[in-house]
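Going down the list, the protein sequences come from chains A and B.
Counting with UniProt numbering, you get residues 1 to 201 for the letters of the first sequence.
Counting with UniProt numbering, you get residues 1 to 571 for the letters of the second sequence.
Since the hints were derived computationally from the structure, they do not count as laboratory data.
It should be emphasised that the depicted structure is a prediction, and the values quoted were computed from it without experimental measurement.
Don't take every hint at face value.
As the list claims (entries may be wrong) - Some but not every residue of chain A turned toward chain B, in silico, with C-beta under 10 Å:
(1) Ile34
(2) Ile56
(3) Gly123
(4) Ala167
(5) Leu168
(6) Thr170
(7) Ser171
(8) Arg176
Each residue gets a CB set at the ideal place from its N, CA and C atoms; glycine is no exception.
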Amino acid sequence: MLNQLRPALVLLVALTAITGLAYPLAVTGLAGAIFPGKAAGSPVERDGRIVGSALIGQSFTGEGSFHGRPSATTAADPADASKTVPSPYNASNSAGSNLGPTSAALAERVKGDLDALKAERPGVPVPVDLVTASGSGLDPDISPEAALFQVPRVAKARNLPEDRVRALVTSRIEGRTLGLIGEPRVNVLALNLALDEIARR
Amino acid sequence: MTPNGWIQIALYCAVVLALVKPLGAYMTRVFEGERTLLTPVLGPFERGLYRIAGIDARQEQTWLGYAGAMVLFNAAGFVLLYAILRLQAGLPLNPAEQAAVAPDLAFNTSTSFVTNTNWQSYGGETTLSYLSQMLGLTHQNFVSAASGIAVAVALIRGFSRASTRTLGSFWVDTTRATLYVLLPLCVVLALFYVSQGMPQTLAPSIEATTLEGGKQTIAVGPVASQVAIKMLGTNGGGFFNANAAHPFENPTALANFVQMVTIFAIGAAFTNVFGRMVGDERQGWAILAAMGVLFLVGVAVTYWAEASAGGVLSNLGLSGGNMEGKETRFGIAASALFAVVTTAASCGAVNAMHDSFTALGGLVPLVNMQLGEVIVGGVGAGLYGMLIFVIVAIFVAGLMVGRTPEYLGKKIEAKEVKMAMLGILCLPLAMLGFTALATVLPAGLAGPANAGPHGFSEILYAYTSAAANNGSAFGGLTANTLFYNTTLAVAMLVGRFFIKIPALAIAGSLAAKKTVPASSGTFPTHGGLFVGLLVGVVLIIGGLTFFPSLALGPIVEHFAAVAGQTFATGG
């Protein structure tokens, strides 16, 4: 067995250097040269300041903004570091709710959100993605139905005609890749940035 | 369920099938030591490596020597990874200033990556430095996969050779798997993932001021290089806590599709390597057909269950399927398909939270792992797992007609069947034994986040995933505790080595036998009858072993959900 020690150790060190250092560093160099923005995490700038990442959702609560999906991410409690408190869209601690199909806590949360949305648009069916937490807690997208659902509220708060806001949403829908793969969606940050642009002009 | 959803599933199967032959042909050349497209570039480098390591590439090992080398190599890898995790605070490339990983978590994580499980007790972005991710995890992603491939190649040689004591060289097989198969594909895949938006940087987190004026710290890192091997090597350990649900770890529907294809690519192609090396490709297709039948049933059940929601959401009158824990860009179909793929293979990456799946949607991933991940399976591991079931199936067929069973010209005798049963029985022992322990000890009962039968499912899923070397989780379970970190790590070791070593013992015993020519009494192992028998044996063994545990968890939860019952914690 001892004569196997040299191959084991040498191979371990050599393969560690190749796959653990040379490979990731080479890919980092290539990626940074070919796709600099994407390799850096797709930061979005407005007026020279970073306002987020094109791929990461952020929390929107104002009446005049389109809202993303519920987020179950948490952060350490500032009062007691051993506990956590809800902190939606915490992009340094991704997480889903992990509540199961018979969870009373899930039933209560969904019912609360559902009642609020039903009050906002009586008689209109509520898209399921608006009351369910995403897997990462950082979902940047909502379904086209969920965006269209919010049009009257946003238009009213911004004093814009509903048709104008609806047209903006429609123009921002991204379809399936090759018409087949994935689901249609609307990026919430991009949509709200476009909405702000209207106000600025 | 939508027509588009089914088209996505069909497209996926078509792409995987199209890759089987070309990838199988290439890998066969690699492991037969023949020239390949990459030999002019990698050949001199490979020979240099052997010279420094003192390896004679032509010197082969017996099954014991092969197993010893594998255990030694994995043990050394474990020590190195454990050291990196414990010392990360003082090592470079730690911009977020992560502290040293605690001893029990470091033990769990090291075991987890060396056994190709990649269970996440750690939260990637909150626990690990960039150096730990690269030098520690990315590295083990490669070599644990390579050592699984090596064992499968050795087992195939057991069938294809006759009257010899040796199975090849573990050192050569591992090196060639890494250099010729995994690494070149990963470079291409990693760059593709970056083009889709996956970060690859050593810069610290992005500090953003959101449109509503809040602060958002966005964790980034060398993600793409790790995700490429995480999928291709069926490792599954995430760069981020949310794994492949995280937009940075799975930015687009296309990236998601490619990730799913790469989970199955090597495992499916290995059936073709098997066929080519034993001299009859039909034998490989028969095994892939048995895997395919089990896979399609799993996909249909999960997709149906998730699309029809059930549970809390249906009871509130919501339609559109169960989107809790799923991402918008993937939707129901691609999330259900991913869940079945990742547990059929021993990957364990998740693009949606399995804990929030419906009761029956979550049952399928659980069953996939309990069957020992023989549906395509982990790279290498899936094939040797399935061949163990093949031996049992052949044995059963032999009993039925009262003839000594043979497979591919080798007589299957008491020793092979005993070793096969050892491998098959160790899995449920670790899965069910530890589950039983955790459901009676206070330290175990402290873990589940959900109440009622779902809480039991969380515990069962954890030990099933660990022993099957999968690594996915019902994530609500608080697993980063001394009790869970330790017991899960033991389950992983049992699940890995108590199958690999019997598989090598079978290989050694088979290689020493003579090949008997096929006669009129030989049971043909490339036709529908054999495929049906193999599927039956897998399902009967799995069903007899695990049905009671499933009845206590997901099955009873399904009926509770239909009845509109909910369970509150702490009550």
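Going down the list of hints, with the structure as the test:
no.: 1; hint: Ile34; verdict: 7 Å, holds
no.: 2; hint: Ile56; verdict: 6 Å, holds
no.: 3; hint: Gly123; verdict: 13 Å, violated
no.: 4; hint: Ala167; verdict: 21 Å, violated
no.: 5; hint: Leu168; verdict: 16 Å, violated
no.: 6; hint: Thr170; verdict: 17 Å, violated
no.: 7; hint: Ser171; verdict: 18 Å, violated
no.: 8; hint: Arg176; verdict: 7 Å, holds
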